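Using the sequences and the accompanying hints, generate a full structural model.
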Amino acid sequence: MTPESMTPASMTKGTLAALIALATGALCWALSSTIPALGNWPDAWTLPAVSWIGAGAEWLIDLLKPAGRLVALVLGYPMEWARMLFVSTPWPLLIGLVTALGWHLGGWRMVALGALGLGFVVSTGYWTESMNTLSLVAVSVPLALLAGGGIGIAANEFPRLKSAVQSVLDVMQTIPTFAYLTPLLVLFGFGPVVGLIASAIYAAPPMARNVILGLERVEPEIREAAIMSGGTRFQQLFEVEIPSAAQQIFVGVNQCLMAALSMVIIAAVIGGFNDIGWEVLLTMRKAQFGQALLAGFVIVVFAIVIDRMSGVLAEPRRHFDSRITYTLMAIAFLATAITWGRLPDPATYDLFGSTADFVDSTLGAFTAANGAMLDSVKNGAMFYFLLPLRIGLDDSVLTFTWGFDWTKSMTAGWFILAFAVGGWLAWRGHRVVGLMVIIAAGILQTGVSQLPWPFVLVGIGVLGWVSGGRKLALTVSFMLIAIFLMGLWERALLSLYLSGAAVFACAVLGGAVGLLCAVNRTAWRVVQPICDMLQTIPLFVFLIPVLMFFQIGEFSAFLAIIAYAIVPMIRYTRHGLTTTPDEMVEAAISSGATGWQIMREVRFPYALPTILLGLNQTILFAFAMLVIAALIGTTGLGQSIYLALGKADVGLGIAAGIAMAILAMIADRLVQGFADEQRKALGLKT
Amino acid sequence: MDGRKRGDLEACRGCCHKVTPGKTSAGADHAPVAPAIVCKGLWKVFGDKGSQHLSSALGQEEADTEAVAASLIDRGLIPAVRNATFDVHASEIFVIMGLSGSGKSTLVRCLSRLLESTSGSVHLGGEDLLQASPKRLIELRRTKLGMVFQHFGLFPHMNVADNVAFPLKMQGQGKNERLQRAHEVVKLVGLEGREDAYPRELSGGQRQRVGIARSLAADPEVWFLDEPFSALDPLIRRQLQDEFLDIQARLKKSIVFITHDIAEALKLADRIAIMRDGNIIQIGTPTEIVLNPVDDYVREFSRDVAKGRHATVASIMKTNGKLPTLNKSGPALNLGMTLDDALASCVSTYKPVPVVDGEGKVRGAVDPADLTAALQVDHS
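Those protein sequences? They're chains A and B, same order as listed.
Each residue of the first sequence is one higher than the one before, starting from 1 at the first, in my numbering.
Each residue of the second sequence is one higher than the one before, starting from 687 at the first, in my numbering.
Since the hints were made in silico from the structure, they are not lab data.
As the structure is a prediction and not an experimental result, all values here were calculated from the model.
Positions of the beta carbon are idealized from the N, C-alpha and C atoms, including for glycine.
Keep in mind that the hints are not guaranteed to be accurate.
Said to hold, decoys possible - Ranges of calculated distance between the beta carbons of each label pair, as one might list FRET restraints:
hint, chain 1, residue 1, chain 2, residue 2, range
1, B, E813, A, S322, 48 to 56 Å
2, A, L313, B, S786, 51 to 59 Å
3, A, L19, B, Y983, 53 to 61 Å
4, B, D932, A, E219, 26 to 34 Å
5, A, E583, B, S786, 19 to 27 Å
6, B, S786, A, T522, 44 to 52 Å
7, A, K680, B, A1000, 52 to 60 Å
8, B, L785, A, E583, 38 to 46 Å
9, A, E157, B, Y983, 39 to 47 Å
10, A, E583, B, G727, 45 to 53 Å
11, B, N862, A, L85, 37 to 45 Å
12, A, L313, B, D750, 29 to 37 Å
13, A, E216, B, D750, 54 to 62 Å
14, B, Y983, A, Q535, 51 to 59 Å
Written out as structure tokens, the structure is:
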């Protein structure tokens, strides 16, 4: 409820917007039978944008191809060297060195993490595959760090560049990962170099972003002190500003590493490099879930080791006795020398093979025994939630699903009910909420994938107007029209529906868990490590467990998206609710408020901007996962991007990627707009 | 922050019996040798195309500062410093005093060229600082200018010694040489033995000592201090003020000192410039500011200041007519004595006065000298 809806007499912005949207929707609904063009965006009105983009991109790619192939050739060398280095280094040496590094960075905790983590990797027999993956990361990360650092410094030095750089970085972050792959594949040719370059491109923005942020946050007086000490610009930057920003920059290094790892694994869908991501994909396709899970664990272990060790860099430095570092290194060399030539090929280790088989057989038994239960969970969610949302109550309520057929009179009854509830709410003073209830009833009746385009356009437009004024309204409308013109609207609606459903589930579930964690410390102690873990796991791995239980299909995709996207919602909700300034809570207590009253009247309104930011993150995460989930069967833009990759169809790949990015950006702008509004209302921002 | 309370506490510090070291070098009627800094017609206008608008406004309004400023404000610009003109004498502590938003920090940043002034000149020994090339500016900063910041501006990734030696490193001095010099300066500010500590391990007072040491490492002629003690709590502030005066007594820098605290200004300054809305509205010695405020704004500042603690005998004595002869046994006053001290000296010639109760019975006696002594605040 917006504050405006409290004033009874005048028509507020929110009410007006809701009325406009409602009127448009009603009009489209009434006229849809006479003017079919009001339903789906007519094909005749689309521009052949996909083929234009394809032709343009192919022309450009043809132009760049010689250079691209040269780059691929040149990058092939360090990649091959890194691969040789990692694969031929005896594993005792590598584990010993990582352990020594762990001590140097973070003491015993990191030693344990390094030794146990890599020890696990060796014992699974996936050592070679892991080293192949690691060698790609080892080459792509320095490239990404250099590029990102360079861009960040350039943006800092030339303020005119900054806003341009920042908007490019924003867009790059919203373009789904797979969309990078198709043009790169055509440009650089088939092979692991594409994964390398894609991962470098994908991992550079977080570095650039953090370098910019870190340099921006250097205290003005520290800058001034460097100037007054007589430093040249070069000295100021490299002696003072960059070292002062080191912690933030190391946050960038950490994010860069994680992004590179995640992308290298996703790029495995191209195949051809015998890496750990490919192993997951292969075993998953063969339905060897025990093995897939094991390979997935190897990825998770790598992600955790890399994340925690590089994360230490972003904390205030502590010094650990370097004698122990050297001792650990000496032990590593000694162990390598002793075992030299005697260790069998690490590919033959199979400590967990029987476990994997056991998991497979148990899983088989479990799904056989509980198949009916799992099916009913899946069908329940599909029939009573996902399908109605997708194709509307009138199409989804059938004898087969609900046990009866939806009739015209039910439609009438449904709308009478909606108007009754909405009218009652409006009468109680919640006019916007009342109108929203009626609109929601209409959407549910029609189904998201069959919404008439004028309604979506007007609806998004007025949302933009309420959240950020006329400029935002125009921006989001134009972005939406771009999708119409590209002829990708139907697929975009399908994507919108699935991510919308997942985001809705995340908001409800994540909000509830966040609230629980805010009031109960024990709950947070349990949830926090789970959140940390979920956030570290590369996207890809989320697919394994859902596939194990629910097979390929929309419901599995839905679950995978929720598992990945729920974390920010939980975190931000809890953070927002627990960081209310003490004096505000004390003022409420001394006014005689109970715990729940404080939560409702003080903490929640104050936390709302933070919670909205969490929602924003959740939306972006959901879009990112949506594309990955295309691997296990979703419809919509994600599927198009994935298909384009298979057919090397650059036009479709880029167009669908852009459409996806546009959806993400629209959602991002709208939610940010509301968050800003709320922050202004709270006086947190001027 | 409770500025007024702090002001009171600081004001007590003014009643020192000794004459503070900084004040001996330049007095109100002490003719300066050659000014260290000559600032003329300095304007700083924030906003788009400030300098174009300023020159056109200056052309129209015929150098009436107020009219020019009003015209600039009409054009949507912010004239933060308006026609600032003053000299800083060699070895003088020149304090610029004003409330927040009065333009004092902007002014000192224009003097040090951390901000580019819109127009005017700042001469430093015959050279206009505002015209210096970037290269020359770096050279000047390396050798002639030092600056201390309100929030210290210490480099978090360097220890005390490296922080202090930083300006020398910029000059290209070798490591041993600069660390040796750093050691000397660290000793000067009383932080000997803490050379290896990092800023985060130091208290606020210690941090500002490092800031002071760093600004002095290259032995500059001109020393800018931008509210150096404002972020410190009152006791530490008082201590650092005293040490600052001691250091200045030894080093005799030409100082521009920014503060919002009238008590601090009165205590430290040889001369004070009072700023309001970007204008310097009065320049004078502490005595002049207290006894002859130029307008109500300045009067308001010195309202809470006990005048007896700042005004000296010289400011009220008569020099014409018949002067009394010097009596060896009677009281005599010095030119530099504060009025409070003078009063105490005069009172000591009076006899003890009886104290009676309600029935007129004598219960004791009070010596007038004891009375004034009891009213004096201890100076320790």
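Hint check:
{"no.": "1", "hint": "B:E813 with A:S322: 48 to 56 Å", "result": "holds, 51 Å"}
{"no.": "2", "hint": "A:L313 with B:S786: 51 to 59 Å", "result": "violated, 39 Å"}
{"no.": "3", "hint": "A:L19 with B:Y983: 53 to 61 Å", "result": "holds, 56 Å"}
{"no.": "4", "hint": "B:D932 with A:E219: 26 to 34 Å", "result": "holds, 29 Å"}
{"no.": "5", "hint": "A:E583 with B:S786: 19 to 27 Å", "result": "holds, 24 Å"}
{"no.": "6", "hint": "B:S786 with A:T522: 44 to 52 Å", "result": "holds, 47 Å"}
{"no.": "7", "hint": "A:K680 with B:A1000: 52 to 60 Å", "result": "holds, 58 Å"}
{"no.": "8", "hint": "B:L785 with A:E583: 38 to 46 Å", "result": "violated, 27 Å"}
{"no.": "9", "hint": "A:E157 with B:Y983: 39 to 47 Å", "result": "holds, 43 Å"}
{"no.": "10", "hint": "A:E583 with B:G727: 45 to 53 Å", "result": "holds, 48 Å"}
{"no.": "11", "hint": "B:N862 with A:L85: 37 to 45 Å", "result": "holds, 41 Å"}
{"no.": "12", "hint": "A:L313 with B:D750: 29 to 37 Å", "result": "violated, 59 Å"}
{"no.": "13", "hint": "A:E216 with B:D750: 54 to 62 Å", "result": "violated, 41 Å"}
{"no.": "14", "hint": "B:Y983 with A:Q535: 51 to 59 Å", "result": "holds, 58 Å"}
Going down the numbered hints, you'll see the structure goes against 2, 8, 12, 13, while the others check out.
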